[in-house]
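**Q** Here's the letter readout for the chains.
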Amino acid sequence: MATPFRETLKTKKFVVTAEAAPGKGSNVAKTIEHIELLKDKVDALNVTDNQSSVMRYPSVGVCLLIKEHGGEPVLQITCRDRNRLAIQADLLFAYSRGISNVLCLTGDSVDVGDHKEAKQVFDLDSVQLIHLVHTLSSGKDMAGNELDGAVDFCIGTSASPSSDPLEPQLIKVEKKLRAGVDFIQTQAVYDLDELKRFTEFVRKIDQDVKILGGIVPVIGVKMASYMNENVPGIFIPQSLIDELAEAPKGTGVAKGIEMAARLIRQIKEQNVCDGVHIMFIGREDRVPEILEAAGLA
Amino acid sequence: MIIAERKSLEEIRQELAPYKRVLVAGCATCVAVCWAGGEKEVGILASELRLARDAEGNEIVTSEATVERQCEKEMIEELSEQVAQVDAVLSLACGAGVQTMAERFEDKPVLPAVNTTFIGMPETEGLWVEMCGACGDCLLDRTGGVCPMVRCAKGLLNGPCGGTRKGGKCEIDPDKDCGWVLIYRRLEKQGRLDLMREYYSPKNYRAVKRPGRVQAARA
Chain H
1 MATPFRETLK
11 TKKFVVTAEA
21 APGKGSNVAK
31 TIEHIELLKD
41 KVDALNVTDN
51 QSSVMRYPSV
61 GVCLLIKEHG
71 GEPVLQITCR
81 DRNRLAIQAD
91 LLFAYSRGIS
101 NVLCLTGDSV
111 DVGDHKEAKQ
121 VFDLDSVQLI
131 HLVHTLSSGK
141 DMAGNELDGA
151 VDFCIGTSAS
161 PSSDPLEPQL
171 IKVEKKLRAG
181 VDFIQTQAVY
191 DLDELKRFTE
201 FVRKIDQDVK
211 ILGGIVPVIG
221 VKMASYMNEN
231 VPGIFIPQSL
241 IDELAEAPKG
251 TGVAKGIEMA
261 ARLIRQIKEQ
271 NVCDGVHIMF
281 IGREDRVPEI
291 LEAAGLA
Chain C
1 MIIAERKSLE
11 EIRQELAPYK
21 RVLVAGCATC
31 VAVCWAGGEK
41 EVGILASELR
51 LARDAEGNEI
61 VTSEATVERQ
71 CEKEMIEELS
81 EQVAQVDAVL
91 SLACGAGVQT
101 MAERFEDKPV
111 LPAVNTTFIG
121 MPETEGLWVE
131 MCGACGDCLL
141 DRTGGVCPMV
151 RCAKGLLNGP
161 CGGTRKGGKC
171 EIDPDKDCGW
181 VLIYRRLEKQ
191 GRLDLMREYY
201 SPKNYRAVKR
211 PGRVQAARA
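The listed protein sequences derive, respectively, from chains H and C. Per the working numbering: the first sequence = residues 1 to 297. Per the working numbering: the second sequence = residues 1 to 219.
Derived by calculation from the structure, the hints in this document are not laboratory data. Hints are supplied without guarantee of correctness; some may be wrong.
Claimed, not checked - Now the stretches of chain H that chain C is said to cover, found in silico as 3 or more residues with beta-carbon under 8 Å:
1. 111–123
2. 159–168
3. 203–209
Just so it is clear, CB atoms sit at the ideal spot from N, CA and C, and this is done for glycine as well.
Kindly produce the complete structure, drawing on both the sequences and the hints.
**A** If you want it as structure tokens, here you go:
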């Protein structure tokens, strides 16, 4: 059986998690393939919740599949699609089925997804969501009613160390830390110094929270410029783009994996933060190569 | 004030298809200021309709009138004689005006010619921006006079999402400012950033129970 993520976070181990993106449709064969491939190679699999506002198989469904296959799931919950009643109900359900890690997120706007005309909810925000998980842990619901059975989640959240301006983001991070989280995973980072500065900021407020650097391999110059222009909170330095440009044709993925592994090694060797969260969306099958190249296999 | 945008001529023509005699009714308050439904727009729309219907050989007879405020029963009373002469009323007022008219003249179809969009203000000539979500629980004292309910695309209460674009623009539109960056800058300027560090609990959506009703305090 997998080690509970909370126990892993208590050790000195360099923590490694990977993102598991649910598919679109009821066929879960591919998802199970990815779970089988990754479950023993990482400390937890983090399951997205209608990622990028694109309607998919539910996060809680893939978390259950991970449990069934002996892995350790992290349930992502965004505030975009459910109001406070639905979120509380989903948390009770998830906990009752053995899912004990939750990642509290705001969620992208419906405007970026595939159901642009939908009514987005945002009854709560991510800070309020963290408070809500603590409320359910105390044996009460948000309205103050007694619960027949509380929850006990290991709580995580996200942060964007590359935001411009950064200060408003840091105020929000501070509020999340004060609400009480066990781990923070960052948006994709490419600049080691930036991650160092972010870690220092967090450490001033919270000595114990575990920080996982976000790793998104960049596999081509086009992808890099697209991300720089269109993916908020991401900044890929020119030196990395130049390095990608020099890679021979057809070797983009290999180069991206090499660069991601190098960054992970640097993070680990220089003790920049407590671990990494790898997001290789659509190429989950290549994550083991990153782990191997980073010396984490 | 209330901002509205005129519907397309095609949509308005579909609404009016069954009717021959139509009163085109404007409102001289909010929708006049935002160039959607004042006297001038009434004149333009009425002639557009006449031209279009003439071209298809289906003549329409329009009359025109603009009142100070269609959302006040007393002010629309002056239209009663004109309304009696027509098959339908095309109102260029906001949704409140259309409904006040529909209630007063309940035996006649009152059809909307504009889409009411938000409560806002003019930013530059011909550009109006949303300012208030009419949430019934104003928190502008804590946010530097910038409303996060409508000026943040997600209506977040505790700071920006992770989607802020470079330079403090919104995730969904690089032409729009991130509401929380605006709040941050305003509070910073005033030396009140502590307000942003406070935790704000979930919004009380009971503050305005739909349908809304406000009873004035008795003296």
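**Q** Find the hints from earlier in the document that the structure breaks and name them by number, from lowest to highest.
**A** Of the numbered hints, just 3 does not hold.
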